[in-house]
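J.: Sequence:
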Amino acid sequence: MPELPEVETIRCGLEQVLPGRVFAAVEIGYGGSIKDPAAADVMTRLPGKRVTGTGRRGKYLQIFLDDDSVLVIHLRMTGQLVFNEGAAVTDKHTHVVFSFTDGSTLAFSDIRKFGTIWWVPISRLDHIKGLATLGPEPLSADFHFSYLNREVEKRTVTIKALLLNQQFLAGLGNIYADEILHRAQILPQRKARSLSRQERQHLFSAIREVLAEAIECRGTSMSDYRDSAGALGEFQNRLQVYGRRDQDCPRCQKKISRSKVAGRGTHYCTSCQH
DNA sequence: CATTCCTCCTGAGTGC
DNA sequence: TGCACTCAGGAGGAAT
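Counting in this note's numbering, the first sequence runs from 1 upward without gaps.
These are calculated hints, taken from the structure and not from any lab test.
Among the hints, a few may not be true.
Unchecked claim - Subject to a maximum C-alpha distance of 20 Å in a straight line, what follows is the list of computed SDA-like cross-link-like pairs (lysine to any residue): (1) Lys191 to Tyr147; (2) Lys113 to His93; (3) Lys154 to Lys113; (4) Lys154 to Met222.
None of the values given here were measured: they were computed from a predicted structure.
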């Protein structure tokens with residue numbers, strides 16, 4: 001599932017190829033992927049617009065256009081966004097294909113159809129609710145220890161639930177929440193406010209370290225994730241707990257546990273996480 | 001306001 | 001082999 005490192009990897013790939021290209025056509029196989037405006041509007045009005053750059057907030061990918069509008073794409077669980085210098089490689093899960101005037105294409109595919117595309121003026125970006133209410137970017141200076149310390153203190157939920165809350169912090173999903181808590185040696189079912197000051201500091205560092213390493217590895221390809229060139233990431237080879245139920249903990253060699261926490265399948269080591 | 005539950009969707013896995 | 005069933009999960013919205 002694409003989380004911050006995967007979306008950032010895709011953004012980085014698109015930044016290399018999209019700026020300067022001009023949309024020529026939009027083919028829509030499943031209009032449900034386009035939330036706003038109506039799919040027909042995108043088909044008639046997007047052609048002629050030129051890409052000026054790319055951006056990302058949390059798991060929201062942004063493609064900026066020369067009329068001060070922006071395409072916003074959220075891949076949710078199984079979405080993929082693949083650029084091709086020629087015709088798109090499509091299957092029954094390809095829902096939208098953007099073509100550029102030079103014959104190149106950008107294909108949006110999504111098995112579970114949870115992924116969403118918006119096209120809005122930059123001035124109306126805050127009408128996308130999930131985007132408007134996002135917490136700080138974990139790798140930016142907006143995210144600092146005193147913020148985490150303050151937020152953790154006032155929450156009654158488990159620390160796993162808090163890490164998954166996009167309003168607390170932008171971009172974490174199920175995989176990295178588990179990996180971060182393992183690195184910080186904190187059990188996911190702990191109440192957020194029960195963490196000691198030292199645990200909060202370990203957590204703060206773990207968030208930034210795990211995300212930075214995952215970006216360096218170009219993301220985690222457990223199942224569906226591919227980068228903008230259709231290539232796999234590498235971080236699945238570095239996972240310590242996620243998807244490793246009953247295997248040995250790399251830190252202490254005890255068996256990894258899995259149970260449901262915050263409604264999500266959650267992986268942890270009862271021996272070295274406390 | 002904070003939190004929990006339900007919903008969207010399809011493919012993979014399980015049991016019979 | 002086929003069928004019914006459960007599970008996986010991001011996030012919006014309803015319910016509590």
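J.: Does each hint hold? Answer for all of them.
T.: Evaluation of the provided hints:
A distance of roughly 17 Å separates the Cα atoms of Lys191 and Tyr147; the hinted pair therefore holds under the 20 Å criterion. Pair hint Lys113 plus His93 holds up; C-alpha atoms about 8 Å apart against a cutoff of 20 Å. Between Lys154 and Lys113 the alpha-carbon distance is near 36 Å, which puts this suggested pair outside the 20 Å criterion. Proposed proximity of Lys154 and Met222 is contradicted: the alpha carbons are some 34 Å apart, above 20 Å.
Violated hints, listed in ascending order, are 3, 4; each of the other numbered hints is respected by the structure.
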